[in-house]
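Each chain, written out:
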Amino acid sequence: MTTRPDSGPALRGTGNGASALRLTGVTKRFGSFVANDAVDLDIAWGEIHALLGENGAGKTTLMRIVTGLYTPDEGDIELDGEPVRFRKPEHALRAGIGMVHQHFTLVPTLTELENLAIAPAAVPWRNGLTEARHRAQEVAAATGLRISPDRLVADASVGERQRLEIVKLLCRGARILIFDEPSAALSPGEWDELANLMRRLAAAGHAVILISHKLSEVFSVADRYTVLRRGAVSGSGTIAEATPDHLVTLMVGDRVADRPPLPAGTPGPAVLTVRGLDVARDDNQPAGPKALQGIDLEVRRGEILGIAGVAGSGQSELVEVLMGIRPALSGAIEMAGRPFTRRSPREFFQAGGAVIPEDRHHAAIVPGMTLWENITLRSLRSAPLNRQGVLDVRAASAEARRLMDEFDVRADSENLPIGRLSGGNQQKAVLARELSGNPDLLIAAQPVRGLDVRAADFVYRSLVAHRERGGAVLLISMDLDEVISMSDRIAVLAHGRIQGVVDAAKATRASLGALMTSSGEAL
Amino acid sequence: GSSGDSAAADGTKSIGFISQAPRNDGGFTQFGLAGVNAAIEADKNLKLSSIVDNAANSQEQIQGLESLATKNQIVVADGASFNKAVAVVAPKYPKVRFILVAADLDAYAENVTSVTAAVGYNAIVVGAVASAHSRTKKLGMIAGLEVPSTTAWYHGMVQGAALENPNTKVVETYTGDFNDVGKAKQAAEAMIASGVDSILSDLDSGSRGVYQAAGGATSPTDVYDVFALHCDSSPHIIGSGVVSWSDILKNAVADAAADTLPAGAISYGLGTGALRFEFCPGKGTPEEKALVEKITKDITDGKIVADKGVLLPKPAYHFEQR
Amino acid sequence: MLSKDLIMRLLVQVGVALAALVVGALLLVAIGVAPSDAFHAFWSGTFGTPTNAGTTLTQAVPLLLVALGWILTTRAGRLHVGFPGQILAGGSLATAVGLQCGSLPGPVAVVLTAIAGILGGALWAGLTAWLWASRGVLEIVSSLLLNLVAVQAAHWLVRGPLQGSLDGQPQSANFPAAALWPSVESIPGRTLSYDVLLLPVCAIAVLLLLSRTVFGFRLRVAGGNAEAARWSGIDPVREGVAAIVISGGFAGLAGAALLFAGSAPWMSDGFEAGVGFNGIAVALLARNSPIGVVVTAVVFSALNVGGTAMQAQLDVPSSLASVLQGAVIVLVLVAAIVLQRRASAPAATKPALARRRSGVVAARTGARTEEA
Amino acid sequence: MGIFDIAFLVAAITIAAPILLAATGELVSERAGVMNVGLEGVLLVGAFGGYLVMAGTGNIAVGFLGGIVGGLLFGALMGVLAIEAKVDQIVSGIALALLGYGLTTFLNDDLFSQPRAFDPLPRIAIPVLSDVPVLGSALFTQDAFIYATAVVVVLVALALTRTTWGINLKATGENPVSVDAAGVSVRGLRWAGVLFSGACAGAAGAYISIGDVGVFREAMTGGRGYLAIAAVLFGGWRLSGLGVAVAIFAVTDATQLRLQAVGDIPREVWVAAALLILVALGTGRVRRAATIFRLDRRRAGAVELAGVAVVAVLVVLSVVRPAVTLPASLWLAMPYVLALVALAVEGKRRHKAPEALAVPYLRSEV
Ligand SMILES: Nc1ncnc2c1ncn2[C@@H]1O[C@H](COP(=O)(O)OP(=O)(O)OP(=O)(O)O)[C@@H](O)[C@H]1O
Ligand SMILES: Nc1ncnc2c1ncn2[C@@H]1O[C@H](COP(=O)(O)OP(=O)(O)OP(=O)(O)O)[C@@H](O)[C@H]1O
Ligand SMILES: [Mg+2]
Ligand SMILES: [Mg+2]
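Residue numbers (my numbering), protein chains in the order written: chain Y, 1 to 523; chain R, 1 to 322; chain D, 1 to 372; chain A, 1 to 366.
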């Protein structure tokens, strides 16, 4: 069925300006913790509404309530002025509310079309593929959003996956679309595309809710905003009358001092040297297409080398290969002057490396284990915390507490399972862990993805401090501004090749973009 | 800990029965139990106090024996695998009479009697008859597990067949379980496919599989039973190397009750008729019947001496062949 | 929150125990046995006399060892059920060694048999570990199949190489007295073997290993999230292999204990006696707590011993025990519902999330780090 | 006379059928993300259920229904544990295995002091097809259950590939969130999978007891449940692969029974083994042409060398034809050993396990 009869997949909006979704006094508690505190939220048809707030402010939780994933403890939800209660996601979906999750809800092993075809089947033997193809074409006609129906989702890049996700929602008749930090995995180009799409949807009368930590994005697309702080609404209004400083103040309570421009560093000897590195896209198919080709890199003491490039250019592969998780086909890697031949994560860390993985959820934390165990995940396994194989638990949790203060990880106790913390705090915990050993080389893959302004600022400062201490940083980011403002030098990665290395001081979005697109059809 | 004193009060003696297989296995165990019950029928001073079955592993067997020994005067351990367990338990209960069925003891024990059946003799007869009856001169033996009593059937058949016709061939298959009907059926089918036309089924409920295979076979196939005659179970059954465990146990229990059961080992052979070959009604030509007579007589007269493997090794202690 | 959790657990344990009692009583009534008689028979058969108590405790040891093995592997995120096979392997090797130790002084022989048992179990488990680590065969399946193989192998051993009984029965010869594990003289029948000391010792050892040592920490990280483990320099495959092999060692020792500490000093096929799976149940019943298993192991062994006793006294079918054991597990799992409903959702989700990376579907993990 | 004849085929098919059906059910349930390691227990319950009802009614069709109901009951139990309680599936599986054995044994002892026996399913010759020379008598002169199994397998194949339901099911096993987000009930699909597998296992069990031989005895399924699970994995969660796996088990089992009967191992066995290994090596080579590891290459070389050596030995054996006889129990272990070897040879390449297999689904994970 997927849609209510009246609202087909076509993009017929329902009026505009009229209130689409109104939350009044919505409260959600987790045990004693209040994640949402009497939140009032008013979304109008045809608008793009930005939902802002620092990490752990309760944005995701609120949206989960709206989409029926959580049921609120108090408060009412009105849709088109009628009170509604969503006990299940499908209720919200039927009502036309759809959410693009940060982790896509796609099935990699099915084709894009099959993913669209996932739907309640009235009769078991019904074959919904043709119908799905139909809807997809309608949507394409209405929004210009095209998918490649018969491609496996596994073969699609993140941008393409996100597009498919949106098409899916539209096919199912969503009229209120929620994006939770959509740009986190997107390249700038892909973001612009998404922004246009949002405008088009709004213009067509849909309501769009955008959760983002990047004020630039907010100001570029949003019409109105609501700011959450510690679960409660700290302010709302129209973007036109708002200033970045104002919003930041609403989010974090006070102003965040502008970041001072990166002081000129004095690069020392090379910490990491990569020569002619070739890496297969699929470890099991060395003969197959390559993810990286002829990579030459050098990261020196006291400098931050930025890697700019769109998602899927091979960043993940580069990190994994440096870590020793992925085998290299050919090429040489040197760490701290010594050849890094028998590569394995352990060797990497022993050679003075540290890493902030891109995919934190799966690669950086052990959700079931306590905060202190996660923070000391590595130091715990070497002296002094490790005394001939025996753990010094007391010292470890003391150390953890110290780091929690230093890196401002917000949690009631270090004995909490880290899985209970908000994304932002989890990430600060990871940062604390990786910087605590003060390593020679820090690989930071999208270190501020999903971080609020203050946390992001904190990460920047920590990285710079690390650089000042003479450490080297390999910064991987899809956000050009971020790279430019953060790095001493920038290597542009596109299609698995280093297209060029430029001095950050001279680099501009345009020049980098040019490098990215140059030799586009290589490989 | 000794017991049996309770017996003094009145004349009644209570019997405990422990077996490795389920009591309703439709074969060895069930017949043994029948024998015990028959003895009880005959003597109202006897009663069967309790049964422990499925005592598969040694620990369970020892526990079972111990708890039976504490409250009975006669304990029947029905199965070859009890030999060591009995050897462990019996000395602790000198007043209790242990009857060990189908197994020999490693060591001689004062209050233990092992009653065995020299199935090998029966096997010789079956081998001869089957060989005479067979068209392809290929005989088969299917058993569950490879234990002395089953291999005895095989070796006996080999010897008997050779007596009747030197170039008759005998093959053996072990299905891994006396009660696995499916495997038995497949095994029999396999044999038939390889030219066997006479199968001895040394199985319990597994025998049904053999009957079914014979029934489904395209070529005429004969089946020979052991223990008893199930002629009505299948038209293909020629006869059975009857090993009347019920008779054997009836004797043994009665003797034990009368305290006339000698310690040591008693092996029942063709002499007492506890072992005998029987044709199903209407089966067997006069010549074959004569052959049975002859072979049986030759064996009891000692004209035919069992080959190696046909009989269990003769124990060192008191031994009686009946 | 810890203490609250503990109370919750205790409540659940008690609830399960009561429920099991009820189930048992119902079954008994169903087959027409007065529960009171049954209970009396059960009690006298398990703890009524020192002799029986000795048997009960001694038979608890193998269960405990298996349970501890299970706990270790699950903490490492691996799930294998190869304990029956490993028990058989350990027992067989211990037998092979034990039969040769007649001339050695007692202590040496005892230690040798124990070591042989551990080795045998570890080697058999090594097959599972190897198949998983380097061939990507799910350990659960390979261990299931290896169990079936081990059973047949044991069948063959007691009919071939290890066959040693006078009349050709499928049994080994009796073990030399020197190799038998010592037992308490004062108890009639000498049913209480000194290896009951393993109950507290091993339990505490495993507890400390997991909570207080680097090795245990690595195991838990690998089990908690294999991906994160690899990214922090822990090779989850190595940890998994270690866990599986160690658990095999425990099971193998259990095999040796079954043969050399029991009252039946010889090997016959089927000496494993369902300890392999019941051991898992024991761990479950204790909700994988290394200390709790000491209690639950005794409970389960009582179920076995008492089952036989009840059968001998009241002619209760032997299978009643296994029904009860199955029922107990189901009850435990159902009890888990109660706990889950109490615990907050995400707390519950996190292990599941981690499991996705490390648990049943581990082939990829296996594949990757091989080259790392 | 040779041992690989028509009767051999028939035997192999009879052995294969129940495993195939049970495995197909398990496949569906695993594609939905529920792994039932307790399949053995479900088979036993099906076998006993069939036997019980048959004893009551004397009608074999009703008997099979009884088996299916028994299987459904245990499937439902699995569902309650794995889907509702969200407890570890492996663990609940073990519980099912233990409970299945205990319960059936207990009831059998209690209800049947005298074992009953019935006539098994009659073989039905399909008019025209059964006259085809060799295959006719092997494939088209079978009993109703075997035909039914064939039909079920085909239907499942169609359902998984051609229907929305199939897509939903597969999606549930891969990424339940996506299904949930589509407004399809993950619980519903998983329940469907579990119950279907329960019904299949129940029917398969009934075939093992009343269908094939007409009796029941404790633990009579003898590890077939585990073989079925192994088949699903070896088959890489595809029906085709599953079929191959089951075929391997069945053929080995049928062979070992024959080899025991024949006594010492005949020539054609050595030849067959040699051919098998050659084929395996060949496919291995083809595969590796696509995928070459620095590490793997060395191992592959060793493997191939060993393989060739073995082939040589086998050829020699087939020429001299020695009087080799294996102990019965080693023959009995053969199917499991081969299953293991097959899994090991296939190794990871086959392992496209559903991502969410044995992962309980909880909403807040989104
Ligand atoms: N299931 C839960 N159980 C307990 N606490 C939770 C749960 N989900 C969220 N929280 C807490 O509620 C608060 C809000 O979480 P939420 O994910 O909504 O924050 P957020 O605004 O999305 O932060 P971020 O910007 O980092 O994503 C956090 O402190 C988090 O620790
Ligand atoms: N479903 C997803 N949800 C969130 N992040 C994702 C998802 N898929 C991929 N990503 C992240 O985005 C990055 C790039 O996506 P992806 O892996 O598709 O590109 P790639 O690996 O470089 O190219 P290819 O997919 O062709 O191998 C990945 O490294 C991963 O961290
Ligand atoms: Mg969030
Ligand atoms: Mg990728």
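Careful, some of the hints might be misleading.
Some chain A residues judged to face chain R by a derived CB distance under 8 Å, without partners named [said to hold, decoys possible]:
id: 1; residue: Pro120
id: 2; residue: Leu121
id: 3; residue: Ala254
Keep in mind the hints are simulated off the structure, nothing from the lab. Note that the Cβ used here is the ideal one computed from N, Cα and C, for glycine as well.
State the violated hints by number, sorted upward, taking the hints as numbered earlier in the document. 2
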